[in-house]
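Trainee: The primary structure of each chain is shown beneath.
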Amino acid sequence: MSALPEIVNPVEPLLRTERMPHIWCPGCGIGTTVNCFARALLESQRNLDRVAVVSGIGCSGRVAGYVKLDSFHTTHGRAIPFATGLKLANPSLEVVVYSGDGDLFAIGGNHFIHAARRNVDIKVICVNNLIYAMTGGQTGPATPSTAITATAPYGCYEPSFNLCALAEAAGASYVARWTTFHVRQLTKSMGEVLRKRGFCFIEVLSPCPTLYQRRNKMGDGLDTMKFYKEKSRVRNGAPTSEVALTKDGEIAVGKFVDRERPDYIESMRGRLSEQLGDRYVEMECPVCQ
Amino acid sequence: MQADPRGVLTGIHFIDGDHACCEGALAAGARFAAGYPITPSTEVVERFAARIPTVGGIFIQMEDELAASITIQGAVWGGAKAFTVTSGPGFSLMMEHIGYAAMTETPCVFVNVQRGGPSTGLPTLPAQADMMQARWGSHGDYEIIALSPNSPQECFDLTVRAFNLSEEYRTPVMFMMDECVGHMTEKVVIPPAEQVEVYPRRHTRRAPGAYKPYEPEADLVPEMVHAGEGYRFHITGLTHDEWGYPNMNVATQDRLVRRLQQKIRAAEDRLTMVDEHGLEDAEVVVVSYGITSRVAERAIEMARQRGVKAGRCRLIGVWPFPDRHLKALAARVKAFVVPEINLGQIAREGERAAGGAARTIPVTHAGGGVHRPQDILEAIMEAAR
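Chains as they are written, first to last, in our numbering: chain A, 1 to 289; chain B, 290 to 674.
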C-alpha cells in the first residue's frame with residue numbers, strides 16, 4: 001500500500017494546532033467562523049504579523065487562544081475597549097474583536113455603542129448563538145422571545161436586541177449578518193471588513209446544539225444548518241430596522257450597511273492639526289515600521 | 290535611561306498635585322491615557338488632554354472606568370506607556386482590571402485621588418480610605434505596588450517612580466493620592482530631562498520561537514513583547530503556562546500565583562520607601578502617609594516641645610507593606626501612633642508588623658477633612674505614658 005500524500009489544510013498555518021483539540025462541542029458553529037476568518041485573512045494577503053485578535057469571555061472568547069496571531073483573551077465584555085487602546089497605540093495593526101452576543105451586547109454593550117460612535121478602526125465579529133453557552137445556556141440579550149434557556153425555563157419573555165440595527169444606529173461603518181451555513185458569503189464579508197477602515201460589525205448566527213437547539217427541540221448541528229438554509233433570505237441593503245430575529249421566523253442575511261465616515265484617528269488628527277498647526281505631534285509608535 | 294525631553298516640562302512651577310501628577314506621567318514617558326471624569330481627580334487628565342497633542346500621544350475619554358482601565362492595557366500591549374486616573378467610585382469599577390493587569394503582568398499606573406466613601410460619599414473632600422482596596426480590591430491572590438505622595442512635588446517625583454516600578458516589576462502600580470494633595474498648590478521643580486531616570490520596557494531580545502511570554506527571569510519577572518512584532522503570542526487572564534496558554538490545573542496555578550506574589554515580596558527591602566526623622570531617640574513613632582503626614586509633623590513638634598521623644602516614619606511606599614522595616618523599628622520603640630483618614634486600615638498593618646513588640650494606637654478620621662494636630666498629639670502623649 002503506498003503512502004498517502006500529506007494533506008495540509010490551507011488554514012493550518014493560522015491555527016495553534018498544538019492547542020487542539022479545541023473546547024467547542026460537536027455541531028458548534030464557532031469553528032466554522034474561524035475557518036472563514038482564516039481563509040479571509042489568507043486571501044487578504046495581509047501581513048499576518050500585524051493582525052491582532054482580541055476576545056472577551058465565553059465560548060467565542062476562546063477564539064483568541066486558537067489563532068496563530070497576536071491574540072488577547074481579555075475580561076468579560078471588555079474586548080472592545082482593550083482593542084481600542086491597542087489600535088490607537090499602534091495604528092498599523094489590524095485589530096479584530098472576536099466574541100459572543102452576551103459578551104459584546106450585555107456586559108459589554110456600552111463599549112460596543114461607543115466604539116461604533118467613535119468609529120474606531122476595529123473589526124467586530126460577533127458569534128451569536130443566542131445564549132450564554134460557556135456558563136450553561138442562560139438567557140442573553142439576543143435570546144429570542146419564547147426560547148427556553150437555563151434561566152428562562154418557561155420561555156424567554158424579554159424582547160431581544162436587533163444587533164444589526166443597534167450597530168447601525170450607533171454609527172458602524174459596515175454591518176452584515178450571515179449564518180454558519182453561509183460560509184462563502186461570510187468569508188467574503190470578513191475579507192471586505194479587512195479592507196475597510198472604520199468600525200465594522202459582522203453578526204454570525206451560529207448553533208449551540210448542546211444548550212440552545214437541544215432545549216428548544218431544534219435538533220442537532222446538521223438540523224440547524226437545514227434550519228438556516230430554509231429560513232434565511234439574502235436581503236442586501238435591507239433597512240436594519242427590518243432584520244430583527246425571531247425564534248422561528250425569517251433570518252435576514254446580507255450586507256446591510258457599508259458607508260464612509262472618518263475614523264477615530266482621522267477625526268483626531270484632523271481636529272488637532274487644524275487647532276494646533278505645527279505644534280501638533282503625532283504619537284510615535286514604538287512598534288510601527 | 291534618560292527621559293524623553295519632549296515630555297519633560299523642565300522648570301519651577303506653581304501647580305497643584307493633580308497637575309504635577311500629569312507632568313510626572315509625561316516625564317516618565319506616558320504617551321497614552323484613558324479616563325472618565327470624576328472629582329477630585331479629573332484635573333490630571335484634563336491637563337494630559339491639553340498637553341499630549343504637542344508631546345506626541347493620545348488621550349481618550351472613555352464611556353466608563355471599566356473601559357478606561359482596560360483601554361490603557363491595550364495601549365501597553367501596543368507599545369505605549371499608559372495610565373488611568375480616578376477616584377473612589379471609579380476605582381471600585383476598575384478592580385477587575387487591576388486583577389487583569391496583575392495576572393497578565395501588564396505594566397501600567399492607576400492614579401486614585403482619594404475622596405470620602407463608601408459609595409458616592411464625599412466627592413470633593415479628602416479621605417485615605419481606599420488603601421486596603423488598592424491592595425486587595427480585585428479577587429484572588431496577587432501583589433501590587435502602591436505609593437502615597439504628600440506634596441505636589443512628590444506627585445511629580447513619585448509618579449515617575451510609579452511608572453518605573455510598574456515597568457521593572459511588570460505590575461500595576463497604585464498611585465494613592467488624596468483630595469488635599471491633589472488640590473494643594475505648591476512649588477514643583479521639574480528637573481532637566483537628563484536628570485529624570487526612566488525605566489524602559491523589559492522587551493525581550495529573543496527571537497520569535499525562542500521566546501516564551503511568561504518565562505521568568507532571575508528576578509521572577511518575564512520579558513515582554515508587543516503586538517505587531519511577529520511573535521504571535523497569546524495573553525489571557527486565565528491561569529496560564531509559560532507560553533501564555535490557558536492551563537487550568539493546580540500545579541500551574543500554584544506556580545503562577547506564587548510567582549506573581551513572590552516577584553514583589555522578594556523585593557520588599559528594595560520597595561521599602563520611608564521618610565524618617567527623629568528616630569535616634571524616639572519612644573513614640575508616628576507612622577503616617579499622604580496628607581496626614583503633614584498634620585502629623587506638627588503633632589510631633591508639639592510632643593517634642595512637651596518633652597516626649599516622638600519621631601516620624603512616613604510611608605512613601607505603602608504596598609508592599611514594609612513589614613521588616615517596621616518590625617525592626619517596633620523592637621526599639623514603645624509605640625506606633627498611626628493617624629489616617631480612615632478607620633484604621635494601615636494601623637492594623639502596623640500592629641501586625643510590630644507583632645506585639647510595640648503598642649499601636651490608631652488615630653482615625655472618617656473622612657471629609659484632615660486631623661487636628663491636637664488629636665494626634667493626644668495619642669502620642671498617651672503612648673508615651
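Keep in mind that the hints were calculated from the coordinates and are not lab data. A few of these clues could be false.
Said to hold, decoys possible - As a list, the in silico EDC-like pairs of lysine to aspartate or glutamate whose alpha-carbon atoms are at most 16 angstroms apart:
| # | chain 1 | residue 1 | chain 2 | residue 2 |
| --- | --- | --- | --- | --- |
| 1 | A | 68 | B | 671 |
| 2 | B | 598 | B | 558 |
| 3 | B | 552 | B | 430 |
| 4 | B | 598 | B | 531 |
| 5 | B | 501 | B | 531 |
| 6 | B | 501 | A | 220 |
To be verified - Which chain B residues stay away from chain A? Per the calculated CB distances, all over 12 angstroms, these:
| # | residue |
| --- | --- |
| 7 | 291 |
| 8 | 299 |
| 9 | 302 |
| 10 | 341 |
| 11 | 352 |
| 12 | 521 |
| 13 | 540 |
| 14 | 562 |
| 15 | 587 |
| 16 | 673 |
We put the beta carbon where it would ideally sit given N, CA and C, even for glycine.
Trainee: It remains to establish, for every hint, whether it holds in the given structure.
Mentor: The hints, checked one at a time:
Only pairs whose Cα atoms come within 16 angstroms are accepted, and residue 68 (chain A) paired with residue 671 (chain B) is rejected, the gap being roughly 66 angstroms. Between the alpha carbons of residue 598 (chain B) and residue 558 (chain B) the distance comes to roughly 27 angstroms, so the proposed pair goes past 16 angstroms and is violated. Our distance criterion of 16 angstroms between C-alpha atoms is met by residue 552 (chain B) and residue 430 (chain B), whose separation comes to about 13 angstroms. For the given pair, residue 598 (chain B) sits about 53 angstroms from residue 531 (chain B) by alpha-carbon distance, which is inconsistent with the 16 angstroms threshold.
Taken as a hint, the residue 501 (chain B) and residue 531 (chain B) pair is honoured in the structure, with Cα atoms around 6 angstroms apart against an allowance of 16 angstroms. A distance of roughly 40 angstroms separates the Cα atoms of residue 501 (chain B) and residue 220 (chain A); the hinted pair therefore is violated under the 16 angstroms criterion. Remark: the non-interface label on residue 291 (chain B) is consistent with the geometry, its nearest Cβ contact in chain A lying 16 angstroms away (cut-off 12 angstroms). Separation of residue 299 (chain B) from chain A is adequate, the least Cβ-Cβ distance of about 18 angstroms exceeding the 12 angstroms criterion.
Every C-beta of chain A lies more than 12 angstroms from that of residue 302 (chain B), the closest at about 20 angstroms, which supports listing it as non-interface. With 12 angstroms as the threshold on Cβ separation, the claim that residue 341 (chain B) sits away from chain A is violated: the shortest Cβ distance comes to roughly 8 angstroms. Distance check on residue 352 (chain B): its Cβ comes as close as 4 angstroms (rounded) to a Cβ of chain A, failing to clear the 12 angstroms threshold; non-interface status is violated. With a least beta-carbon separation of about 5 angstroms from chain A, residue 521 (chain B) fails to lie farther than 12 angstroms from that chain, contradicting its non-interface assignment.
Distance check on residue 540 (chain B): its Cβ is at least 18 angstroms (rounded) from any Cβ of chain A, clearing the 12 angstroms threshold; non-interface status holds. Distance check for residue 562 (chain B) against chain A: the nearest CB is about 29 angstroms away, which clears 12 angstroms, and the non-interface claim stands. Every C-beta of chain A lies more than 12 angstroms from that of residue 587 (chain B), the closest at about 44 angstroms, which supports listing it as non-interface. A cut-off of 12 angstroms between C-beta atoms confirms that residue 673 (chain B) is not in contact with chain A; the least separation is 51 angstroms.
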